[in-house]
Amino acid sequence: LVCAGTWHDQAVAEPGRAPRTQPRRAHLLERGSFTEYLALRLGGELFGIPLASVREILTLPPITYVPRAPYGILGLISVRGLLVTVIDLRMKVGTEAAPPTKRTRVLLVPGPENETLGLCVDEVLQVYRLSDGEIEPATSVLGTSVSEHVAGIGRREGVMLVLLSLTSLLEVGG
Amino acid sequence: MSSDVIDKAREEFFSEAQEIIEGFSRDLLALDDGERRGRHDPELVNDIFRAVHTLKGLAGLFGASRMSGLSHDLEEILDDLRLGRRELTREVLDVLFRAVDVFGQILLSERDVGKPCPPEVDTFLTDLRRMVRHQQAPASSAAASAKLEYDLDAGLLAVLTEYEEHRLRTCIQSGMALFRVRVNFRLVTIDEELERLKELAKPLGEIITYLPTGEGSDIEMIELEVVLAAKAMLENIVAVLGGPSVRVEELARRRAVSPDQVPSIVPGSDPAPEQLSHEAGSGARARSDAGDLTPGPAGGQALSLRSVSQTVRVDIRKLDHLMNIVGELAIVRSSLSKLMDRVRGQGAMRELGVELHRLQRTFDRHLGQMQEGILEVRMVPIGQIFEKLGRVTRQASREAGKQVNLVITGAETEVDKLIVEELSDPLMHMVRNAVEHGIEPAAERVRVGKPEIGTIAINAFQKGSHVLIELEDDGRGIVRERLLEAAVRRGFLSEAEGREMAPRDVFALIFLPGFTTKETPDMLAGRGVGMDIVKTNIARLGGIIDVYSEAGIGTKMTITLPITLAILNALIVQVGDHAFAVPMSSVQEALVHDPNATRLVDGREMMTLRGTSLPLARLTRLFGVEGRAGRFIVVVAAGARRLGVVVDHLEGQQDIVIKPLGRSLRSVRGFAGAAQLGDQRVGLVIDAPALVEEVLAGEAGKTSLGVRRDVA
Numbered sequence: 553l554v555c556a557g558t559w560h561d562q563a564v565a566e567p568g569r570a571p572r573t574q575p576r577r578a579h580l581l582e583r584g585s586f587t588e589y590l591a592l593r594l595g596g597e598l599f600g601i602p603l604a605s606v607r608e609i610l611t612l613p614p615i616t617y618v619p620r621a622p623y624g625i626l627g628l629i630s631v632r633g634l635l636v637t638v639i640d641l642r643m644k645v646g647t648e649a650a651p652p653t654k655r656t657r658v659l660l661v662p663g664p665e666n667e668t669l670g671l672c673v674d675e676v677l678q679v680y681r682l683s684d685g686e687i688e689p690a691t692s693v694l695g696t697s698v699s700e701h702v703a704g705i706g707r708r709e710g711v712m713l714v715l716l717s718l719t720s721l722l723e724v725g726g
Numbered sequence: 032m033s034s035d036v037i038d039k040a041r042e043e044f045f046s047e048a049q050e051i052i053e054g055f056s057r058d059l060l061a062l063d064d065g066e067r068r069g070r071h072d073p074e075l076v077n078d079i080f081r082a083v084h085t086l087k088g089l090a091g092l093f094g095a096s097r098m099s100g101l102s103h104d105l106e107e108i109l110d111d112l113r114l115g116r117r118e119l120t121r122e123v124l125d126v127l128f129r130a131v132d133v134f135g136q137i138l139l140s141e142r143d144v145g146k147p148c149p150p151e152v153d154t155f156l157t158d159l160r161r162m163v164r165h166q167q168a169p170a171s172s173a174a175a176s177a178k179l180e181y182d183l184d185a186g187l188l189a190v191l192t193e194y195e196e197h198r199l200r201t202c203i204q205s206g207m208a209l210f211r212v213r214v215n216f217r218l219v220t221i222d223e224e225l226e227r228l229k230e231l232a233k234p235l236g237e238i239i240t241y242l243p244t245g246e247g248s249d250i251e252m253i254e255l256e257v258v259l260a261a262k263a264m265l266e267n268i269v270a271v272l273g274g275p276s277v278r279v280e281e282l283a284r285r286r287a288v289s290p291d292q293v294p295s296i297v298p299g300s301d302p303a304p305e306q307l308s309h310e311a312g313s314g315a316r317a318r319s320d321a322g323d324l325t326p327g328p329a330g331g332q333a334l335s336l337r338s339v340s341q342t343v344r345v346d347i348r349k350l351d352h353l354m355n356i357v358g359e360l361a362i363v364r365s366s367l368s369k370l371m372d373r374v375r376g377q378g379a380m381r382e383l384g385v386e387l388h389r390l391q392r393t394f395d396r397h398l399g400q401m402q403e404g405i406l407e408v409r410m411v412p413i414g415q416i417f418e419k420l421g422r423v424t425r426q427a428s429r430e431a432g433k434q435v436n437l438v439i440t441g442a443e444t445e446v447d448k449l450i451v452e453e454l455s456d457p458l459m460h461m462v463r464n465a466v467e468h469g470i471e472p473a474a475e476r477v478r479v480g481k482p483e484i485g486t487i488a489i490n491a492f493q494k495g496s497h498v499l500i501e502l503e504d505d506g507r508g509i510v511r512e513r514l515l516e517a518a519v520r521r522g523f524l525s526e527a528e529g530r531e532m533a534p535r536d537v538f539a540l541i542f543l544p545g546f547t548t549k550e551t552p553d554m555l556a557g558r559g560v561g562m563d564i565v566k567t568n569i570a571r572l573g574g575i576i577d578v579y580s581e582a583g584i585g586t587k588m589t590i591t592l593p594i595t596l597a598i599l600n601a602l603i604v605q606v607g608d609h610a611f612a613v614p615m616s617s618v619q620e621a622l623v624h625d626p627n628a629t630r631l632v633d634g635r636e637m638m639t640l641r642g643t644s645l646p647l648a649r650l651t652r653l654f655g656v657e658g659r660a661g662r663f664i665v666v667v668a669a670g671a672r673r674l675g676v677v678v679d680h681l682e683g684q685q686d687i688v689i690k691p692l693g694r695s696l697r698s699v700r701g702f703a704g705a706a707q708l709g710d711q712r713v714g715l716v717i718d719a720p721a722l723v724e725e726v727l728a729g730e731a732g733k734t735s736l737g738v739r740r741d742v743a
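Same order as they appear, the protein sequences are chains D and A. For the first sequence, this note's numbering assigns the number 553 to the initial residue and increments by one for each residue that follows. For the second sequence, this note's numbering assigns the number 32 to the initial residue and increments by one for each residue that follows.
What the hints contain is simulated information worked out from the structure, not anything from laboratory work. A few of these clues could be false.
[Unchecked claim] Chain A is faced by these chain D residues, among others (derived, beta-carbon under 7 Å):
id : residue
1  : P619
2  : L635
3  : E665
4  : S717
Virtual Cβ for every residue (Gly too), placed ideally from N, Cα, C.
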């Protein structure tokens with residue numbers, strides 16, 4: 553197991569930092585009216601997922617292809633003996649699949665029924681602390697197939713993040 | 032923190048209670064059996080009493096009020112029974128049997144906090160209360176009032192429990208003589224030796240009590256003084272029990288005790304009266320309590336015989352954890368081995384390599400031993416569930432108004448604890464089914480010339496790395512035609528399909544979901560849910576179930592299970608860049624694939640293997656992966672069916688720790704799980720029986736599985 557080596561990864565990759573999704577309210581009280589999002593890239597677009605739900609960031613380990621797996625599942629990896637199913641986040645949000653690069657990362661997140669899932673993303677960028685004012689609710693600007701996974705749009709100095717709802721994303725076809 | 036401790040204590044409470052209830056049930060069955068043969072075994076009643084008493088204490092400790100209430104009332108009934116104040120009637124037996132079930136229900140509802148207790152539990156408790164209050168008139172106070180014809184040592188009498196005294200009087204009254212047996216036991220084996228002695232003494236009479244004398248020839252020995260009541264002569268007893276470490280003497284009948292003699296069990300005949308009188312009585316206990324004369328471990332052990340038993344109860348999850356660690360170690364080992372090969376490949380480091388190699392061999396051996404040791408600990412005799420089955424048979428046959436004998440062989444066969452747990456429900460269901468559907472009513476049995484009492488035989492035995500459990504009944508069997516008819520009527524298959532069906536597949540129809548030939552559901556089995564669940568449960572354990580039946584003669588079901596789930600030996604195969612593990616338990620052999628020997632039959636690849644046809648399946652096609660030529664064939668079997676799986680490369684055998692696929696992959700069929708193969712590699716473990724069924728079912732859609740697919 554090798555932890556990701558770029559600077560923004562180190563900012564978030566302390567193990568045990570955010571073991572479970574914290575209740576949102578508690579989170580806000582603690583940090584003021586801010587929510588931290590991890591910005592990541594899928595194809596040419598930027599997305600954000602709540603930092604609190606990211607347990608770990610890994611460089612891409614060897615993936616075992618699972619024949620007959622549901623659409624969007626890349627395969628299995630072993631994280632210190634634990635089997636983790638890796639989901640291609642690109643396929644989930646409707647971007648075309650692409651071969652991994654050296655920037656490809658796997659985020660470990662809690663899935664339904666407490667299963668730890670791996671989300672494969674093209675690149676992990678940085679953490680944004682977004683205030684409520686910087687988050688727009690999801691609008692019809694986005695395609696219909698995607699919008700159910702989208703919790704909102706975050707804006708900061710010209711950068712636009714599509715904020716994903718992990719619950720909805722991982723439930724569908726999970 | 033403290034809640035952890037409480038949880039742990041609760042967990043222990045449950046497992047201990049469970050164990051006691053199982054023992055209770057076992058003794059009850061033996062008691063029931065004995066009564067039916069007209070043999071009354073007071074020792075069993077006493078064992079049951081003690082079990083219930085312990086339960087009561089436990090329940091009180093954990094505030095399980097229903098349980099302590101139940102134990103309390105039962106205890107009263109049992110106390111009356113063992114002291115001869117109540118007769119052991121069929122009704123009483125029934126109540127006791129029901130109590131076992133009620134204990135189980137209470138335990139369940141206590142475990143899942145918030146789960147309500149089924150109402151019948153409280154009904155039972157009320158009934159029981161009434162029964163206790165409605166006490167029978169003391170059956171015969173003769174025993175109690177019978178004068179002791181022996182001048183027993185006052186000290187001895189003082190340590191006799193009420194029960195022991197009752198037994199003593201009963202025995203003397205029935206004309207038995209009293210003997211004193213002094214036996215030396217080795218401390219480490221005292222449990223077994225004492226049991227053996229009890230067994231030996233049983234035909235002779237009854238052991239009233241035994242006490243440590245506080246003596247022993249050395250610190251590893253302990254001497255017990257056993258008071259035995261028997262009809263036999265002294266010589267006979269010596270002949271049966273005799274041995275180098277056994278001394279037997281008869282106790283004399285009533286005689287005046289000379290005033291200068293301290294009360295003694297054996298006035299006159301004792302070689303060393305003073306010493307004896309001192310030990311036989313309470314003095315023996317007092318002294319070993321103090322431990323002043325027998326220092327060291329012997330003194331301490333004599334204090335409590337219980338502590339001699341050297342067993343530990345362990346949560347199975349802890350063993351799983353250990354097993355995982357062994358698995359990880361095995362992975363480290365294979366990485367080390369690769370490293371070592373590299374070292375040995377470099378001429379300069381040759382010597383180092385040789386040394387490393389030697390070290391690694393030792394490491395290997397120890398790792399193997401450790402793995403074996405853990406596996407051994409997980410193994411329990413399958414007889415544990417057979418006891419439950421005895422109860423189920425009894426209950427089901429009573430409810431169905433049939434007489435059924437359950438014959439069990441191979442109860443000592445050992446299986447992984449987890450398998451035993453998971454097996455209990457399916458087996459219970461199968462036994463119910465056999466009683467309900469298999470065994471005919473007595474009248475019908477007599478008419479067709481069978482013995483009036485039906486027989487269900489369960490046989491377990493080990494065969495290679497598998498355990499086979501056969502469940503056979505001598506009932507009416509399955510009429511193939513009726514089964515087919517019912518399947519057609521319910522739309523599971525067409526008449527034409529039915530006609531073409533192979534005989535063995537017809538029986539397999541009973542495993543279809545929702546299939547039943549019985550028209551009215553009832554209390555017992557026959558609700559049309561069941562055999563499919565049985566099959567699924569067994570499949571989940573990596574096992575398979577086969578049925579064979581002959582109309583009018585009986586039905587035989589055979590369950591084949593792997594011995595352990597924790598670790599398995601697998602053949603690692605490659606297809607293209609993909610590695611798969613095939614459990615060796617399913618692999619019959621591996622062959623080199625000769626394309627010239629295969630033919631196409633009805634669009635399917637087949638080859639001839641030693642005179643029989645072997646259907647072939649290409650993993651490339653089945654799994655939609657890219658591969659190469661397919662140079663090898665792995666022959667896998669599920670029950671009597673075989674399939675040749677075409678693969679590119681055989682990598683060799685390896686022990687793997689199999690892990691289930693997560694929820695996200697739950698829908699994927701054909702794999703039993705995945706395992707780490709070393710170098711961070713994860714390999715999917717092929718579920719060979721499922722694959723065989725899938726491929727052979729796809730053949731023409733006429734086997735049972737094909738049918739099931741259509742229905743689903």
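How the hints compare with the structure:
1. P619: holds, 3 Å
2. L635: holds, 5 Å
3. E665: Check passed: Cβ of D/E665 comes within 5 Å of chain A, closer than 7 Å.
4. S717: Where the cut-off is 7 Å and the nearest Cβ of chain A is about 17 Å from D/S717, the hint is violated.
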